[in-house]
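Participant: The lines below spell out each chain.
2 protein chains.
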Amino acid sequence: MKTNDQDKELSRREFIQQTAAIGAGIMFASSSDLFAETKQGRATNMNIKSKGYAARDTSGTLTPWEFERRPVGDNDILIDVKYASICHSDIHQMKGHWGPQQYPQVPGHEMVGVVAAIGKKVTKFKVGDRAGVGCMVDSCLGCESCKDEEEQYCPKTVFTYGYPEKSSPTGISQGGYSTNIVVRDHFAVHIPDKISFPEAAPLLCAGITTYSPLMKADLKKGIKVGVAGIGGLGHMALKLAVSKGAEVYAFTTSPGKVKDILAFGAKEAIVVDNISKLAPYKGKLDYMICTIPYQYDVAVYTSVVKHYGTYTQVGMPEKFELTLNNLGLSISRVNFNASLIGGMKETQDVVNYCADHNVHPQIQIIKAEQVNEAWENVVNKKARYRYVIDAATF
Amino acid sequence: MKTNDQDKELSRREFIQQTAAIGAGIMFASSSDLFAETKQGRATNMNIKSKGYAARDTSGTLTPWEFERRPVGDNDILIDVKYASICHSDIHQMKGHWGPQQYPQVPGHEMVGVVAAIGKKVTKFKVGDRAGVGCMVDSCLGCESCKDEEEQYCPKTVFTYGYPEKSSPTGISQGGYSTNIVVRDHFAVHIPDKISFPEAAPLLCAGITTYSPLMKADLKKGIKVGVAGIGGLGHMALKLAVSKGAEVYAFTTSPGKVKDILAFGAKEAIVVDNISKLAPYKGKLDYMICTIPYQYDVAVYTSVVKHYGTYTQVGMPEKFELTLNNLGLSISRVNFNASLIGGMKETQDVVNYCADHNVHPQIQIIKAEQVNEAWENVVNKKARYRYVIDAATF
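In order, the protein sequences belong to chains X and F.
Here the first sequence is numbered in the numbering used here, starting from 1 and rising by one per residue.
Here the second sequence is numbered in the numbering used here, starting from 1 and rising by one per residue.
Fair warning: there could be bad hints in the mix.
Pairs count within a copy or across copies, as identical chains cannot be separated in the list.
[Claimed, not checked] Derived pair list, reagent style DSSO-like, types lysine-lysine, alpha-carbon separation capped at 30 Å:
#  : residue 1 : residue 2
1  : Lys-367   : Lys-277
2  : Lys-282   : Lys-147
3  : Lys-282   : Lys-166
4  : Lys-216   : Lys-306
5  : Lys-156   : Lys-224
6  : Lys-306   : Lys-224
7  : Lys-284   : Lys-224
8  : Lys-95    : Lys-267
9  : Lys-367   : Lys-220
10 : Lys-216   : Lys-282
11 : Lys-49    : Lys-367
12 : Lys-220   : Lys-95
13 : Lys-220   : Lys-194
14 : Lys-121   : Lys-277
15 : Lys-166   : Lys-267
16 : Lys-120   : Lys-282
17 : Lys-166   : Lys-224
18 : Lys-306   : Lys-220
19 : Lys-216   : Lys-284
20 : Lys-284   : Lys-147
21 : Lys-224   : Lys-126
Hints listed in this document are in silico derivations from the structure and should not be mistaken for laboratory results.
The shape of chain X in the complex, shown without the other chains (with noise of 0.2 Å):
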């Protein structure tokens, strides 16, 4: 962790000159109070107030939450936030489906909001830029990953929340269902103007996740592509196939999602309520994606590949794991890849393309105190297909 050495260095001198200039204020300011009159991006080394919604413990249970963040360094940008998606990932990550957690800790790894104050070396940004932030806060940006666009595989990576990160007044970094998050200014994007913040949120994660494999599987217009799993990852895989020009055949457990899918563009929607309803597309597909965030007979569903295609997993299961047939993953003669969301680069291209493109994620807007209610409908399959919190309401 770099970021912020040298505001650690900052003289005493320094620091009270800059506190003296914000004014007596600052300590029950919120951020965007705070940094009203330093449009100049002049970084403070006080540490941010925070409010937001924390899991205390893997119960899955949410509470409002005041916290801080770190002072924001010369290459951090400060964000207020406005709005705040969940992810699968979160529940699974605060319920310890991943690994033991330090709580208390607020998820997120989907926000959007204004830039409020940026650190005095920090160009790509300035106050009052569009920004948002998905699902990593910092890496070495020095590694061959980090130099080949793929931070997110760098071994120094700061996933956005939970993981070990001294800058950090709680020790981990904390997510985006908060009023506002600090982060270095290469782990924010520019949100364009042509996409509202509630729907450009989802892009943060659902999108990138899924926008990172299916370019590599380099979509050409009529490509028959599968999208296993309709959720907030699957519906996003679907729409961006269909801009794309592929015919995309959609495999959903739910009955009640046929209508969306058809209208989000898919060529065929699948109810897959027994594994042999795969059957009839075995070998049919070009390329599939899947979401699917748990256990299922991954053979089975890698059967509807063509030979030597490709299937990518991008649903993570509980402990990570997934159990696999070795000898009908052989008959398949399917290539399994896994990937992880994607770079920073990657994550401007698919804001920009989905801004450009109108390819928006369906969503539904709700209230913090909603929070733990919507969960229960993610993991209930209820999500239609992105729940959005106004980070107002925190």
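Given chain X, work out where chain F should sit, using these hints.
Facilitator: Quick look at chain F alone, frame taken from chain X:
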């Protein structure tokens, strides 16, 4: 199953003519005696007596067994088995690791010998030819997979032992740990004179199973190939890859194999007594083939392959199931696939290739009575590297 329809339709008159011509000794003669006088390959519609070693239950213990094989059909050949080798799959299947079995069952899917009789429609072989049989004895020959010369993926493939086979007097196919086999000609390959019988036997499974995916890996001189698990299959993968000019990194859990591995031409032998031993090889290899036939840490092994490289699993674990860490797989960015043996054309290719390029398995010839001890050694990783049973001792 169409192979014997014509035989079944032989009139009683023809039946009497045939048996009369062969004489009264038929019922007790060995297959080679039986056909010593029928060099023209006139098929008989009498069952063929055979003698071998069979499993009686899931104990993994084999005992001598006399049984019958089907008559030689129009498209069949009868092979007097000279050598049959031991594959870990034999043990898995007999012990019921891949599902319940019918017993008695004769294992063995690597066998070579001399053609003793041919059906009247057979042109591929003549009596006296050297021939080998691998993992399959029949398929539909009409489906896409069969047309693509990947008969192993035909839905109607009859594998060499334990598969329902109406034509077999025992109701299932019976394998190569025996004095002879009757097999449809398409599923036998020619064994060139320049390779010995015992050295040819292991090519029928260990050879083709590693050759087929290695050929798809487009081996070029200097390509870095990993081989994980240096047993019967792994040592063949190693030798084949070396022979193709690859720089081979062999991963083994047996320190005692290091010397052999280097002698086989590997660039490095890595003893993985702890999974951390893989760390220095992270992202180093162009391609990896894994022969480990039990559950292991798939994602960590895949991490030694460069990003977007390919990793092929050929070892088949219990229940065929492999559990992998999907997050780990995403971080390695590797295409994971599985491969099952290879088609008949490719099986002939590997036999010819090994004969032409002196790529010989490292074998230990044993007598039939040593088979149970040999199986123990295979399970305990003591085989060096393929046991070959002298069929004269059955």
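Participant: All hints are to be evaluated individually against the structure, with a verdict given for each.
Facilitator: Right, here's what the structure says about each hint:
1. Lys-367 - Lys-277: neither (38 Å within a copy, 50 Å between copies)
2. Lys-282 - Lys-147: The answer is between: 17 Å across copies meets 30 Å, while 39 Å in one copy does not.
3. Lys-282 - Lys-166: between (50 Å within a copy, 28 Å between copies)
4. Lys-216 - Lys-306: both (17 Å within a copy, 16 Å between copies)
5. Lys-156 - Lys-224: between (37 Å within a copy, 27 Å between copies)
6. Lys-306 - Lys-224: For Lys-306 and Lys-224, both the intra-copy (10 Å) and inter-copy (28 Å) Cα distances are at most 30 Å.
7. Lys-284 - Lys-224: within (8 Å within a copy, 34 Å between copies)
8. Lys-95 - Lys-267: For Lys-95 and Lys-267, the Cα distance exceeds 30 Å both inside one copy (36 Å) and across copies (46 Å).
9. Lys-367 - Lys-220: neither (40 Å within a copy, 59 Å between copies)
10. Lys-216 - Lys-282: both (23 Å within a copy, 23 Å between copies)
11. Lys-49 - Lys-367: within (21 Å within a copy, 80 Å between copies)
12. Lys-220 - Lys-95: neither (40 Å within a copy, 48 Å between copies)
13. Lys-220 - Lys-194: Classified as within; 26 Å inside a copy, 50 Å across copies.
14. Lys-121 - Lys-277: Answer is neither: 56 Å inside a copy and 42 Å across each miss the 30 Å cutoff.
15. Lys-166 - Lys-267: neither (49 Å within a copy, 43 Å between copies)
16. Lys-120 - Lys-282: neither (57 Å within a copy, 38 Å between copies)
17. Lys-166 - Lys-224: neither (46 Å within a copy, 40 Å between copies)
18. Lys-306 - Lys-220: both (16 Å within a copy, 27 Å between copies)
19. Lys-216 - Lys-284: Both. Shortest intra-copy (19 Å) and inter-copy (22 Å) distances satisfy the 30 Å Cα cut-off.
20. Lys-284 - Lys-147: between (37 Å within a copy, 17 Å between copies)
21. Lys-224 - Lys-126: neither (42 Å within a copy, 48 Å between copies)
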